[in-house]
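Turn these sequences into a full structure, and let the hints guide you.
The opening position of the sequence shown corresponds to residue 1 in UniProt numbering, with each subsequent residue numbered one higher.
Quick caveat, the hints were computed from the structure, so don't treat them as lab data. Please note that the accuracy of each hint is not assured.
Stated by the list, open to error - Straight-line distance between alpha carbons at most 30 angstroms, and here's what the computed DSBU-like set of lysine-lysine pairs gives:
| no. | residue 1 | residue 2 |
| --- | --- | --- |
| 1 | K39 | K90 |
| 2 | K57 | K90 |
| 3 | K150 | K161 |
| 4 | K79 | K11 |
| 5 | K39 | K132 |
| 6 | K136 | K90 |
| 7 | K150 | K132 |
| 8 | K145 | K156 |
| 9 | K79 | K58 |
The structure presented is a predicted model; accordingly, all values stated were derived computationally and were not measured.
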Amino acid sequence: MPKTELITIGKIVAPHGVRGDVRIVPLTDFPDRFYDLTKVLVDGVGELALESARQHKKFILLKFSGLDSINDIEHLRDKLIQIRREDAVKLPEGRYYIFDIIGLNVFTEEGNLLGTIIDVLQPGSNDVYVVKQQDKSEVLIPAIKEVVKKIDILGKQMIVKLQEEMD
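Structure, rendered in structure tokens:
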């Protein structure tokens with residue numbers, strides 16, 4: 001399965017107890033998603049059925065079906081927990097996952113290619129897109145409606161209105 005079809009939602013950091021539970025650090029804005037999952041993909045292992053999920057301090061504890069001892073799960077340490085893209089939480093219109101934004105080609109309203117989004121910074125009040133230009137320099141684009149005029153995930157492009165100081 002192509003990597004873009006998988007979404008990483010957590011990382012197994014350690015066994016928890018002796019009955020096969022694993023401690024997960026959530027890597028998602030939606031940690032409650034773990035409670036509704038029936039299966040996950042474990043990087044390098046494959047699909048595993050979930051028996052239970054519960055909160056424990058800042059971690060999520062998962063119990064995989066058929067893995068009932070610390071010996072059964074020790075090899076899962078440091079593995080990533082992933083889900084298929086179709087199992088992702090549906091976002092409201094106008095909201096996008098960062099992994100969908102990275103790789104978009106950015107064009108000005110005049111149709112000029114500015115570059116490609118290589119990263120998304122989250123400094124505070126709004127996200128900032130890091131765009132690598134053709135000359136390898138980088139420009140920062142604030143993710144605000146006055147600047148970002150259109151996002152077309154399927155078309156892999158973003159249209160922006162450049163402000164005076166960005167020209």
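The hints, checked one at a time:
1. Straight-line distance between C-alpha atoms of K39 and K90 comes to about 18 angstroms, which keeps the hinted pair within the 30 angstroms bound.
2. Distance hint between K57 and K90 is fulfilled; the C-alpha atoms sit about 27 angstroms from each other, no more than 30 angstroms.
3. Distance restraint check for K150 and K161: the Cα-Cα separation of roughly 10 angstroms lies within the 30 angstroms cut-off, and the hinted pair is therefore satisfied.
4. Straight-line distance between C-alpha atoms of K79 and K11 comes to about 6 angstroms, which keeps the hinted pair within the 30 angstroms bound.
5. The hinted pair formed by K39 and K132 fails the criterion: a straight-line CA distance of about 37 angstroms is larger than 30 angstroms.
6. Distance restraint check for K136 and K90: the Cα-Cα separation of roughly 34 angstroms exceeds the 30 angstroms cut-off, and the hinted pair is therefore not satisfied.
7. Taken as a hint, the K150 and K132 pair is honoured in the structure, with Cα atoms around 19 angstroms apart against an allowance of 30 angstroms.
8. Note on K145 and K156: the hinted pairing holds, with a Cα-Cα distance of about 18 angstroms set against a maximum of 30 angstroms.
9. Of the supplied pair hints, the one linking K79 and K58 holds, its CA atoms being roughly 18 angstroms apart against a limit of 30 angstroms.
Of the numbered hints stated above, those contradicted by the structure are hints 5, 6, listed in ascending order.
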